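Read top to bottom, the protein sequences are chains L and S. For the first sequence, the positions run 1 to 254 when this note's numbering is used. For the second sequence, the positions run 255 to 660 when this note's numbering is used.
Just so you know, these hints were derived from the structure itself, not from any lab. Remember, predicted model here, so these are calculated numbers, not experimental data. It cannot be assumed that every hint is accurate.
Which chain S residues face chain L? A few, computed with CB under 10 Å, are given here [said to hold, decoys possible]:
1) Q428
2) P432
3) T441
4) L443
5) V476
6) T479
Label-pair distances were calculated between CB atoms; the ranges are [stated by the list, open to error]:
7) C152(L) / D523(S): 36 to 46 Å
8) H141(L) / F529(S): 49 to 59 Å
9) N53(L) / F529(S): 43 to 53 Å
10) L426(S) / E219(L): 47 to 57 Å
11) D75(L) / D656(S): 36 to 46 Å
12) F529(S) / Y21(L): 39 to 49 Å
13) L357(S) / Y21(L): 18 to 28 Å
14) D113(L) / Q293(S): 33 to 43 Å
15) A576(S) / Q8(L): 35 to 45 Å
16) R297(S) / C152(L): 32 to 42 Å
17) P140(L) / A576(S): 55 to 65 Å
Each residue gets a CB set at the ideal place from its N, CA and C atoms; glycine is no exception.
Here's the letter readout for the chains.
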Amino acid sequence: MTFASPKQILILIALTCLGLYALDYWKNPQLRHSGSVATASSAGGPRLALWMNHLCCTGCLDDVRKALAGMPGVDLEKATGPRQLLTQPAANLQNASLPDYGNAVELPISELDKLDLVAVDRALRDKGFVAGRMELSGVPHFRLEAALDHLCCGMCDRSINERMSFLKARGQGGQLKWIESVSVEHEHKTVVAYARFLEPGKTDDLAEFLSGLNYLGFEPRSLRIAIGEHMQHPLEAPVGPGSGGSPNPGELNH
Amino acid sequence: MRRRLVFLSAAMLTLLPVTVVYAHERFIRHDLKVPLHEQYFARQPGMFLGMQSDMLRIATVSCVLLLVFLVIYFFRQNLDVFIEQRLLSAGLRGRAQRALHHLANFLTDKPVRLPSFRAVGEWAVVMFIRSPALVLMYSATNDSLVMPSYPLEPTSALYFKYIQVFLAILMLTQTALPLAGALVVGTWLYLWRYGWMVVADAIPVLTVAVVYLTSPWQSHRVAITELNEQQARWVRLVLGFGFFALGWLKIYNYHLTAGVADNYPAVMDDPMIGFFAMGTNPLFRRENWIVAFAFAEVLSGFMLMMGIFTRVWGSMMIWVLAKLMLVNFGFEEIPHIYPIAATMAIVFSSKAGSEFSFVERMQQKAAREGKPWLRIASVGAASLVIAVVTVYALLYALTFIDRSHL
């Protein structure tokens with residue numbers, strides 16, 4: 001009887017491990033690009049990258065462009081779409097599977113204060129698309145202001161304050177981690193999410209906040225990106241009846 | 255003998271109702287439904303060791319339990335001699351005496367010379383080296399890798415599934431087992447791609463690789479029905495360490511553990527957890543449950559790893575894992591066949607050893623030299639150090655790590 005030598009064992013283990021990694025590298029290129037779709041072009045000012053879980057051909061891209069036509073705040077003319085996209089006729093004849101059927105459309109933001117992410121989301125949905133991610137880049141400090149039609153009582157405020165931090169905590173995939181704190185301005189029926197510093201080349205997925213509000217049972221009328229005078233440290237955010245009656249927002253948001 | 259048996263029986267009865275303690279939560283739903291008190295797991299200024307008082311209480315209960323088991327174990331030879339030769343020699347004869355002798359050997363990790371015990375042990379080894387194939391086939395049919403909780407990417411799923419089937423064939427036909435072992439270890443290393451917690455979660459997978467790698471290339475020609483001493487030791491070490499690590503992971507990634515309780519609230523009504531968490535603040539019921547749950551696994555993993563009452567703790571684990579699979583969580587826990595088989599191979603092996611046998615030898619030497627206080631002091635000090643380091647060291651370190659974002 002012959003037994004495996006330590007050298008044989010080590011070689012076989014290394015081959016197995018490297019082989020599996022190579023297989024992954026070869027067959028799953030989408031996994032290496034899922035982190036950030038707007039990294040390459042974030043140096044050229046604020047940009048919004050819309051990652052569509054389905055955008056497989058030029059036909060899809062045309063419909064996305066139609067959906068976003070006339071959208072205030074973004075420069076659709078300078079939008080960059082996915083390269084090497086199949087044409088619609090070619091996609092009709094294609095039999096093989098694609099590594100990923102999703103793709104991203106990058107939109108330069110021309111006027112940040114006019115951009116309404118809810119409007120973008122609705123426009124896409126009206127055309128039969130859903131933006132899986134809305135990745136903002138090129139804005140180091142910002143906050144999101146979600147205007148709500150419904151925010152009738154202190155309990156509504158409290159639920160947003162408490163549950164948003166809960167959502168942050170349970171986001172196993174790192175969702176909402178870019179949010180430093182959330183405060184509710186009851187008088188203005190607005191939920192404000194203060195983002196952490198956004199490093200150059202990195203992106204924040206704003207769709208997570210939109211989905212989070214939906215998950216909590218609220219449909220915002222608009223969701224805008226704000227910068228400038230109202231930026232303050234989250235712990236300095238006003239606490240009172242208007243902020244949801246939370247006993248200690250700092251603790252909840254930590 | 256009777257006193258020891260009564261004590262061990264009582265201990266087993268206390269611990270056996272751990273109905274769902276060993277929930278392999280990755281296979282089952284674990285969405286958190288209610289927020290936890292995050293501060294419970296963080297540092298508490300002004301508190302002893304900076305720990306929350308309930309957490310400290312549970313840790314102390316665990317420490318005392320471990321201490322008691324260690325002390326009894328280190329005196330097992332003397333207790334055995336005393337009970338068998340002094341207490342039972344007068345009262346029991348024949349079959350009853352032999353039965354109790356075998357039972358005592360079983361409970362104190364000594365070789366059991368019974369044909370039926372040997373037959374079960376042989377069958378357990380056969381099941382142990384083949385059962386991973388069933389898990390692999392189950393995973394392959396569920397488009398996952400190694401375990402059903404790790405789904406494969408659709409673009410590469412086919413290749414990984416074929417590889418798993420190939421590996422399963424090697425296992426089932428007992429062909430080129432060293433290659434099978436290397437494939438298992440290589441795949442485990444590849445799991446880093448999913449993150450270090452996945453790798454830690456899959457440590458028990460390596461248990462069978464120990465046997466495969468130490469088998470001959472011509473493994474298909476031999477009947478492997480017994481583990482040699484080294485194999486039994488490494489299987490025990492790896493399996494025990496796997497459970498030990500999983501226990502600490504429960505405290506580290508407490509959101510996930512609490513998620514299990516949120517989805518299966520019945521798991522919190524457990525006598526053993528109640529024992530660990532006795533006297534704690536009901537306001538932190540879920541948090542206390544997480545820590546108690548974790549320590550149950552840490553202790554059992556540690557005992558198994560170090561060879562302290564291996565058979566007693568192994569039997570409890572088999573019972574709990576089987577109950578989880580058949581009663582509590584159902585078919586989704588079917589991969590537990592594999593850890594059950596691995597634990598059976600250890601429990602029914604007559605080659606049990608201990609990593610702390612040097613303490614036993616030390617106290618026996620002191621006994622021969624007529625130094626009773628040295629015996630007691632050496633066993634007491636060793637047990638105390640082992641118990642304190644095992645329970646408090648990592649728990650203390652964890653309080654410095656903010657895990658609220660996990």
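Against the structure, the hints come out as follows:
no.	hint	in the structure
1	Q428	13 Å, violated
2	P432	4 Å, holds
3	T441	6 Å, holds
4	L443	4 Å, holds
5	V476	7 Å, holds
6	T479	16 Å, violated
7	C152(L) / D523(S): 36 to 46 Å	39 Å, holds
8	H141(L) / F529(S): 49 to 59 Å	52 Å, holds
9	N53(L) / F529(S): 43 to 53 Å	49 Å, holds
10	L426(S) / E219(L): 47 to 57 Å	55 Å, holds
11	D75(L) / D656(S): 36 to 46 Å	41 Å, holds
12	F529(S) / Y21(L): 39 to 49 Å	46 Å, holds
13	L357(S) / Y21(L): 18 to 28 Å	51 Å, violated
14	D113(L) / Q293(S): 33 to 43 Å	39 Å, holds
15	A576(S) / Q8(L): 35 to 45 Å	37 Å, holds
16	R297(S) / C152(L): 32 to 42 Å	40 Å, holds
17	P140(L) / A576(S): 55 to 65 Å	56 Å, holds
In summary, the numbered hints that this structure violates are 1, 6, 13.
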